[in-house]
Amino acid sequence: MSAPFEEAVLRAVLEPALGEGLLEVGTATGTAYADIAPHRWHDAVGAARDGLGLAWFDWLAGVDELEEGLRVVVSLLAPDGAHRGHGVLLRTLADRSAPQVPSLVDLFAGAAWHEREAHEMFGIDFAGHPGLRPLLLPDGFDGHPLRKDFVLASRVARPWPGEHEPSGRSRRRNLPPGVPEPGTWGAGEAGS
Amino acid sequence: MSGGYPQPERSRGVIALVEQNCTVCMLCVRECPDWCIEIDSHVERKPAEGPGGRPHSVHVLDRFAIDYGLCMYCGICVEACPFDALFWAPDPGYSALDVRDLVHERDRLGEWVKDVPPGALPAGLELPGASEGSQPAAGGPAAD
Ligand code: SF4
Ligand code: SF4
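Just so you know, the sequences run in chain order A and B. Take 8 as the starting number for the first sequence in my numbering and just add one per residue. Take 297 as the starting number for the second sequence in my numbering and just add one per residue.
Hints in this document: simulated from the structure, not taken from any laboratory. All C-beta atoms in this analysis are idealised placements derived from N, C-alpha and C, irrespective of residue type, glycine included. Careful, some of the hints might be misleading.
A partial selection of chain B residues facing chain A, derived with a Cβ cut-off under 7 Å [as the list claims (entries may be wrong)]:
id: 1; residue: V320
id: 2; residue: M322
id: 3; residue: L323
id: 4; residue: R326
id: 5; residue: W331
id: 6; residue: E334
id: 7; residue: S337
id: 8; residue: H355
So the derived label-pair ranges between C-beta atoms look like this [claimed, not checked]:
id: 9; chain 1: A; residue 1: R140; chain 2: B; residue 2: A392; range: 28 to 34 Å
id: 10; chain 1: B; residue 1: G389; chain 2: A; residue 2: G37; range: 28 to 34 Å
id: 11; chain 1: A; residue 1: P152; chain 2: B; residue 2: R350; range: 38 to 44 Å
id: 12; chain 1: A; residue 1: R140; chain 2: B; residue 2: E375; range: 33 to 39 Å
So here's chain A without its partners, still in its complex pose (with noise of 0.2 Å):
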């Protein structure tokens, strides 16, 4: 039988080896995650995967926080061991105005793509990264498509279907999340 990671053993391997830099430990929809100081990330990644025996690289990916931040967050897994397939999340978040962490590449060579898509779509620069060309989105593309205040132009061009109003009454015009008033954005303004 295999068993998800405790807590417990998740602080045991990262607060000797980062101390401060281990901000908080906790358990979300099951799985045990930590909070990393963004300079120790590097090290934390490394101690969880010496540590605990997570030599299985999962994913990496951002989120956009808003004011709080640009989160990395990388899923690590147990391939073997009495934690088989069960895994931990290790989070950090860098600073808004100049995103930054450590590459893990030298870690885990499969996380090359997974930070190339993070810093195309978020702007997340990786210290280190071998290459961080683009990897989906087109040469010359201007942006970060995952921020939150990225307007997604198709959405502007394209009717949105909950505008549909069931009783058949019209009402003013509901816009979707996301999508700009007419005139504000695009080619009604730069058309002008």
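Start from chain A and add chain B with the ligands according to the hints.
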């Protein structure tokens, strides 16, 4: 169908529509982050029914379509529906050679209800056309 490969019951294969439960409230359409659900409807007046009944208006569904070329399987529509009309079925077998053929309309969405794990459906749900005793139909041929 993918022959014999086991699918966990929780699989997000396809979203099935229990049309009789849909009140055309539009919540799923408005919550869907991908804008991939489209609904059309009209209002009908219903005469009074039973003692003390009054004439009233009901919304009648004309179209319910999900574009699986856009859907990212987040499940927000299933969570958002307050009337038990949307359910996950583990069926992944609806690939198409043209993305336009991934828009599935209410008939097809309704057929998938038979694949919804019986435990996920609300107790006592009587589906029109289901055999007597409301036995949930199994996908595929019978065992014996
Ligand atoms: S699963 Fe998500 S993306 Fe797909 S139809 Fe439902 S709300 Fe939209
Ligand atoms: S949320 Fe449920 S009841 Fe409302 S329109 Fe969607 S499927 Fe129908």
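Classify the hint on S337 of chain B as holds or violated, based on whether any CB of chain A lies nearer than 7 Å to its CB. 5 Å, holds
Take the shortest C-beta to C-beta distance between V320 of chain B and chain A; is it under 7 Å? 4 Å, holds
Chain A contact restraint on E334 of chain B - CB to CB distance below 7 Å: Since the shortest Cβ distance to chain A is 5 Å, the answer is holds.
Interface hint compliance - L323 of chain B to chain A, C-beta minimum distance less than 7 Å: 9 Å, violated
Taking the Cβ atom of R140 of chain A and the Cβ atom of E375 of chain B, is their distance within the range 33 to 39 Å? 37 Å, holds
Interface restraint verdict for M322 of chain B against chain A (beta-carbon cut-off 7 Å): 6 Å, holds
Interface hint status, R326 of chain B versus chain A (Cβ within 7 Å): 4 Å, holds
Given the range 28 to 34 Å, decide if the beta-carbon distance of G389 of chain B to G37 of chain A lies inside it. Cβ of G389 of chain B to Cβ of G37 of chain A: about 30 Å, so the range 28 to 34 Å holds.
Interface hint check: W331 of chain B, Cβ to nearest Cβ on chain A, cutoff 7 Å. Holds or violated? 6 Å, holds
R140 of chain A and A392 of chain B, beta-carbon distance inside 28 to 34 Å? 33 Å, holds
Status of the H355 of chain B interface restraint (C-beta, 7 Å, chain A): This hint holds: H355 of chain B lies near chain A, its Cβ roughly 5 Å from the closest one there, short of 7 Å.
Quick check on a hinted range of 38 to 44 Å for P152 of chain A and R350 of chain B, using CB atoms only. Given a distance of about 52 Å, which is not inside 38 to 44 Å, the answer is violated.
Hint compliance for this structure: hints 3, 11 are broken, all remaining hints hold.
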